[in-house]
Amino acid sequence: MSEDDKKSVLLEIKDLKIEGYSDENWIEIVHGIDLTLHRGEVMGLIGESGAGKSTIGLAAMGFTRDGCRISNGTVLFDGMDLTTATRSERRALRGSRIAYVAQSAAASFNPAHKLIDQHTESSLLHKVSSKADSQEDAIELYRRLRLPNPEEIGFRYPHQVSGGQLQRAMTAMAMSCRPDLIIFDEPTTALDVTTQIEVLAAIRDIVDQFNTAALYITHDLAVVAQMADRIKVLLKGDEVEEADTRKMLADPEEDYTKSLWAVRSFKRDQKSEPAAGETPLISVKNVSASYGPVKVLDGVSFDIYRGRTVAVVGESGSGKSTTARCITGLLPPTQGEILYDGKPMPPNYKNRSKDQLRQCQMIYQMADTALNPKKRIGEIIGRPLQFYSGLRGADLKKRVDQLLDQIEMEPSLYYHRLPSELSGGQKQRVGIARSLAADPAFIICDEVTSALDQLVAEGILRLLDRLQKELNLAYMFITHDLATVRSIADVVVVMKEGKVVEMGPKEAMFQPPHHEYTDLLLSSVPEMDPDWLSNLLDQRGLDNIGEAAHQKKT
Amino acid sequence: MLTFVIIYYAFLIVACCVAGYYKYRTALLLLFTLLCISMISGLLFGADVLVNITICVALLAAAAGLSYSFRESLIQVLPPEGAKLMRTAPLTAAFGLLVIIAYIIAAVFAPVIAPFGEAEVVGSSFAPPDDLMLLGGDQLGRDLFSRLIYGARNTVGIALMTTAIAFTVGTIGGLVAAQMGGWVDQVLGRIVDTLMAIPQLIFALLLLTIVGTSVLNLTLVIALLYSPLIFRLARAVATNIVVMDYMEAARVRGESTWYLISREVLPNITAPLAAEFGLRFCFVFLAISALSFLGLGIQPPTADWGSMVRENATLISFGEITPLIPAAAIALLTVAVNFVVDWMLHISSGLKE
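These protein sequence lines are chains A and B, in that order.
Going by the working numbering, the first sequence opens with residue -2, and the numbers climb by one from there.
Going by the working numbering, the second sequence opens with residue 47, and the numbers climb by one from there.
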C-alpha cells in the first residue's frame, strides 16, 4: 500500500448533531462533532458515561439507536454520505466495510449457534466468499489472534469458551470481510486485567496487520493510551480537545482533560499496624465453602481490624465475593468460622441476632440492582433506622437528612426521589448511606467503583475514606482494580481459585518480590505510558500474558 | 336511494383525493380500502349494504369521537401526572376506560336506571320492543333492559370479587414460594400442578355439584380454580426480583418474609399482575357466564348475562337478536377491559412508540 493511500481520509464527520426523544421532546445529545479518520489510523474516543461516545461510534456507521436521530451534519465514509444514503446502501456497508465490536461479547453472540457459523454469516451475506473459504479464513484469523486450538475452537458454542476468548472471536468476526473501519465499543471493559491485556494485544496486532482504521471507544485512559494514535476527549456531547496520543498524555490543554488525567492520583497513606494483642474486629478463620459439590473456598483466613481497610484482589471466580457471602452469612461455610470481636458468629444469617446483623453491612457493585427501584430515597435510607433503632416520624426524617448530608447529597432535593432519577454515582452514595444507617462497625464494599466513571469513582473513594476516619469503620474492599487498592488499602489479600495466595501490608505488597500470581496481576494493570503494552510484550513475550500465562503454570 | 349512492361514492372519492394530496398515508389507505369494499359489495348485494356500511362507519366514528373527547377532557381534569399518562394513551384505551366506567355506573346505580325490577313481570313472554320495554321482554315477560342493567351488578360484581380472591391467594402463594424456595416452593408448586391437571370447567362442575350452587360457593370455587394461574405468574416474575441485590440487602438486614414480599417484591411486580388481572377478570367473567349457561351458576330469578343468553336461546331459531344482547354486553366489556390491559402492558414493558 502506498504512503498516499494510507494517509487518505476514510471517515469524515462534520458538525454531527444527534437528538434523542424523551418526554415528548427531541433533546440534542451530541452538539456538533467533527471527526476525521485516515486509513489505518486508530482514534480513541474517551469521556464519561453520557458523553456521547457510543452514540458517535454508531453514527459513524450511519446508525442511531431507537429513539435517536441524526439532526444535522454529514458522515462521509469513503466519499459517501451515510446520513442521506438509503437503507440498502448502508446495509451493504455494514459488516463488510464497517464492522462493530460490542462491549459484551457474551451478550452479542447468539448462544444457539457455533462461533464459526456466526463468523461466516456476514461474508456469506455480503457474498464476499464461499462458506468453505470463509471458514478457512476464520481459522487463520483465530490463529493470528492467538486463540488456543484455532482449528477446533470455532466449532464450539459461545458458552464453551472464556470471556477473553469470546471477545477475541468477536474481533475475528469483525475482521471476516476485511473491513476498512472497525468500531470498538469498550471491548475490554467487562474483562479481568489479565484477560484484558491479551485482548488488547490481539486487537492492536490485527489492526496493524490489515491496516484497518478503528474508532476505539473507552472510558479507561490507560487502555486508550496503548491503542490509539490520536485521542479525542468528549464531555456531554461536546468535543473537549483532540491531539496525538503522546502529546495528549504529556501536555493536555483543557482543564477537564487534566482532571481526567489526575484521577488516579488519589492516595492515602497506609495506617499504622494495629497494636499487638488487639482483637481483630472480623476474623476469617480457615473458611471453606462450596456451591453444591463445587468447592469455591479453600481454607481462607485473614483478619480485619477496626478502622482499617483490607483489600481483597483477584480475578473473577477467585472467590472474593464468596468470602463476603460467608462473612455476611448468606453462604454458611462448610468448614471454619467467622469471629466477630473474638466471638464466633452463627454461620447462617438467619440465626444471627439483630445486633450482629447490624454490625456488618454491605455495599454492592451494581447500584442499579442494589436499590429497590420502586422506593424513594428517604424510604431506602430510612428502613434500617426504623428496623434497628425503631426511629419514627420526625426523628427518622432528621436522621435520614443527616445521612444524606454525610454522603454530600442535599436532603431537600433527594429525599423524595426514586433511584431511577439519580446518576450512577449518586445511587452508589445512597447505597453507602443505607449501610451507614445501620450504624455498623464493618462494611463490605463489593467492587463499589468498578461500574463508575473514574472521576465519579474517585469521589466515592474519597467519601469512603472520610467516613472511615469519622466513624472508625473497618472495610473489606473487594476489587480487581489495583489502582483502587493502591489508593485506599492498608492490607492486601490476593486470592486465586478460592485460596489466599499472598497477603500483607500494602506497602510491602507493591514492592517486589511477589508471588508470581501477584506479579502477573500487578504487571497486567495498564499504565498511562503509551509504550507500556509494547514494552511488556517485549519483556514477557506473547505467550506470557493472560490465559496463556495461567496455562503454562498449571 | 340513487342520490344516496351518488353522494356516498362522491364523498369517498373526494376524501381519498384530499387525503392523498395532503399525504395522510393511513387515512388514505383506510378510505381507499373502504371505497374498494363498498364498490364490490355494492355491486354484489345492492345499495342496502352501503347504508349498513355507512351506519357501521358512523358508529365507529362516533365511538372514536367519544373516546377522543373523553381522553381530552380527562387530560384537562386530571392532575399533571395522570394527564401525562392519558396524553400518551391510545384511543382504544380511552374507549375501554369509557366503557368500563359506563358499566360501573350501570352496576352501582342499577335501581335508579332500570325502569322495572329485576324479577318483575311486565308484559307477555318474548314481547317485542316498544316504548314500555326498550329491548322487549324475556321468556317470562320481564323487561330485558332492566335485567341487563341488574345483570351488570351481579355478573361484574361477582367476577370482580372472584378475581380479587384468586389474586390475593395466588399472589401471596407465589411470592412466598419465590422468596422461601426449597420445600415450601416444592409443596406449593405440586399442589398447584395437581389443581391445574384437571380440566377447569369439569372441575368446577364437580365442585359445585358437591358444595351446592350459592353465590358464595360459586365465587370461592372459581377463585380456587383460577388462583394456580396467578400463583405461577407471581412466582415467575418474583423469582427475577428475589435475586436482586436489594433483596439480599433486606434479607441480611433480618427482615421478615412478610416484609420482603409485601414491601420489596410486590411493588416491583404490580405492572404484570395488573395486566394479568384485567385478562383474568375477563376469563372469570366468561367462566361464570358459561356456568350460568349450564345452569350451575347464578340461580334465577337473579339476573346475569350468561343465564339470560340461555333463557332466551330458543329465540335464535326465529332469527331474533334478543339473546345476543346480553352476549354483546359480555363481549363489549371483554373488549374494553382488554383494550385497557393492552395499554397497561405497553406502559409496563416500557416500550416507546
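These aren't lab readings, by the way, just hints derived from the structure by calculation.
Don't be surprised by glycine CBs; every beta carbon is placed ideally from N, CA and C.
Accuracy of the hints is not assured; some may be wrong.
[Claimed, not checked] Some but not every residue of chain B turned toward chain A, in silico, with C-beta under 8 angstroms: (1) Glu127; (2) Gly163; (3) Glu164; (4) Glu166; (5) Met290; (6) Tyr292; (7) Glu294; (8) Ala295; (9) Val298; (10) Arg299; (11) Gly300; (12) Gln345.
Starting from the hint list further up, note which numbers the structure goes against and sort them upward.
-> Numbers 1, 2, 3, 4, 12, in rising order.
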